[in-house]
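> Given the structure of chain F, go ahead and fit chains S and X onto it with the hints provided.
So you can see what is in the structure, the chains are spelled out below.
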Amino acid sequence: MRRAGWLGLGVIVVAAPWLVAAAVPRQQRYVLHVLIFTALFAALALSYDLVVGHVGSLSLAHPAFFGVGAYAAAILATRAGWPFLAGLPAAALAAAGVAALVGVPLFRLTEHAFAVGTLGLALVASVVANNWVEVTRGPLCITGIPKPTLGPLAVTTLPAFYWLALAALVAVGVLYRGLTTFRLGRAFHAVRDNEPLAGAAGIDPLKYRMLAFTIAAALAGGIGALYVHYLSVMCPEEMTVALTVNLLVIVFLGGVGSLRGVLVGAVLFTALPEVLRLAPTWRLVIYGGLLLLVIVRSPEGIESLLRRVTGARAGR
Amino acid sequence: MISDVLEQLLHGLTLGAMYAMVAAGLALMLGVARLINFAHGEFFMLGAYAFWFGYSELGLPYAVAALLAPAVMVIFGVAYQRGVIRAILPRSWHVQLIATLATSIVLTNLAIIVLGAQPKEVPTVLSSRILDVGGLRIAWQRLLVLAASLLIFWGLHRFVGRTRTGRAMRAMSQNREACAVVGVDVQRTAMVTFALSAALAATAAALVSPLFNIFPDMGTTLTLKAFAAVVAGGFGYVNGAIAASFLIGLTEALAGSYVSYAYKDAIAFLIMIAVLLWRPQGLFGRRIGI
Amino acid sequence: MTALLEVRGLVKRFLGVTAVDEVDLAVEPGELVSLIGPNGSGKTTLFNCVTGYLAADGGRVLFRGRDLSNAPPHRVARLGVARTFQQVSVFPRLSALENLLVFLQQLQEEHLLARLVRTKRVRRLEAEAVERARRLLGLVGLSAKADDAAGSLSYGQRKLLAFAGALMPDPELLLLDEPAAAVNPTMINQMKDHILALHREGKTVVLVEHNMDVVMDISQRVVVLDHGQKIAEGPPEAIRQDPRVIEAYFGR
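Protein chains in written order, with the working numbering: chain F, 1 to 316; chain S, 1001 to 1290; chain X, 2001 to 2252.
For reference, chain F alone in the conformation it holds in the complex (with noise of 0.2 Å):
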């Protein structure tokens, strides 16, 4: 019956272009638009969960990461005419590169101060961007950048992009899956739930905290490249703290530690306000109230409510 119903949901979201086009062919690009930044936001805020929801470090540098990975892939496609099957991974690696060289460090500190180190991070990493004129072009932004070819095929058409956004939500959702359960979920979650213990077990926190950063940098660095080639754009105001409070809202209201609550979150957060046609400082005033009330009032977010509704077990 639950088997049904799944499937009946991967088909329809599978065919919504055709949905799409059908329901409403005057706004089909718009919302073809918007289905493809939920795509591409829900995969980076798993990326963002790993390390948030089941490693139990709350980093503030995910923007640093999306950013290393966007302009690595812009400048590699622009300068370089590297093709986008190689300048995925080259991005995917720049941005794990960046987080194994300052995790290190970072973890030594005490969370508090590893928190405000990660969010110096992002500052700083914002700054270069905006800054390193001869690399990024500064404010000017990184323009021109081609869409994506997969060898032989283009990646041209609005729906095309979607069903690659979607390829990639999939397989980061399966990586996710795989890395929060079995041997290696556990060892993330004792490491979350009680490192000293963790420890007298034999697990080394600092070894499993860097795996879930580093992997989770490369993921954000990966969906960077992909979203500079689906743009044609790369501006230094696409990793501002704003992105890290999008994900933040996405993660905690959606429900931290749960790849369906991760979801969730991440279609109403980026779907909604783009059908209500915000203004981004109203926004963000909104965002910011409501994490502010859910925090303080319900911290499991919409996860915990979804379970009790569906009365899931104990143990996870």
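It should be emphasised that the hints constitute simulated quantities derived from the structure, not laboratory data.
All of these numbers come straight from a predicted model, not from anything done at the bench.
Among the hints, erroneous ones may be present.
Output of the computed footprint for chain F on chain S, the stretches with three or more beta carbons under 8 Å from beta carbons of chain F [as the list claims (entries may be wrong)]: (1) 1091 to 1099; (2) 1196 to 1207; (3) 1222 to 1229; (4) 1268 to 1279.
Built from N, CA and C at the ideal position, the CB exists for glycine as well.
Positioned in the frame of chain F, the structure of chains S and X alone reads:
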């Protein structure tokens, strides 16, 4: 040449004094109430706008407007404390961080909507008068900032060291559980500390606004730099935060002038990172208490 | 005959207080030793230094001849030293069964790919781990709670779970911090039986304990600390009558 360097040093001291007043408030909240307040910079920003409103819009004399800012912010601070802080204080620091970060976003964007994103200038008599001492030129306002900050730090030191509330603050920062047992009014002390930290930030804003532009976003970077100072000085240790703030201010001014203006905002973090690499517990280590 | 665990001249200071003051301790393989002393005498601090949670300010810790002095907790654990904590410590969001499985992580670590792809070999190892975990849960009487979140268990049940967890990797040396504290008499007897069973199997056990009945009942040797110094050492009957020990507990 020497006068240039000296000028930059004085600019650095002014900057450092501003950072120090903001960081001191942050360190107090951290030390006394264990609160991570990411909206702290917004107290500065709102205080600056309050000063601007009093001085430019209402035409109040400088001293009155400069006192209006902390007064307004104390009221706002108490309201915020009642509404939000009290609810998040017993919770995990993740909740505190996210809640205060959310507040910061709300306040910043509301400021953009209500007051406009264009920067405002509030030149005062003292900010345009320059003191010229043998080739060394410095605005009187900067001297005022330095003098006022020294006075404030001295006052703070006496308050924390001599008064009953100050003693309660120190006790809370050392052993919170014991405080309730011996009859320290934990709630009231926390509220006073919060009001004090808001007042410090707003006073700094009123002193410094004539020298710099006022814009809605100014709080965010300031919060981060204040945190960098707090972390580098040894979490929750007020004097450490003050010392680190002056270090950051001086380095920023000198590096901004002689190395690169564009990257000066990153200086605070580079210093913090350097300090933490050398001593993960901060410059002044794991002291107990503020 | 080299001692299994050797502590030589261990020193640990906190802000002017010397918590552990030049303590020497040698534990032979198969021994059952109790570490006692008034509150604040440095027993748990000693444990923390031995198991890597605190860095000693002086002296050395040797396990099977290897210097453990600067090893972090996970490295100490992997060498075959298990411990429990004074404040009962479990992974609250994992089930009781999963709690135990975590303790085998160290022995079953494979390269990253194997952890992502559930190959036959990985599946087999996991099945073996589950079997062992179920057996231990049965041993401590928690079989019925295998799938319940550890955070939902009672204090005594969590204590037993933590104990079972320490046993999962089949350690050579067990350091138990107050296994009989804050539990009812039935549970105390249960604990005593478990510890004696371990001793019969040839495991080396060191306990920190305040409950004198337990200490006198099961220990082969008792070591007494007071204000960070070792003041007496010997069989239980001798310690019971040692004037220095009596003074340390009652004299001041």
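> Against each hint, give a clear statement of whether it holds in the structure.
Each hint, compared with the structure:
no. : hint         : result
1   : 1091 to 1099 : holds (count 7)
2   : 1196 to 1207 : violated (count 0)
3   : 1222 to 1229 : holds (count 3)
4   : 1268 to 1279 : holds (count 7)
This entry does not satisfy hint 2, going by the numbered hints stated previously; all others are met.
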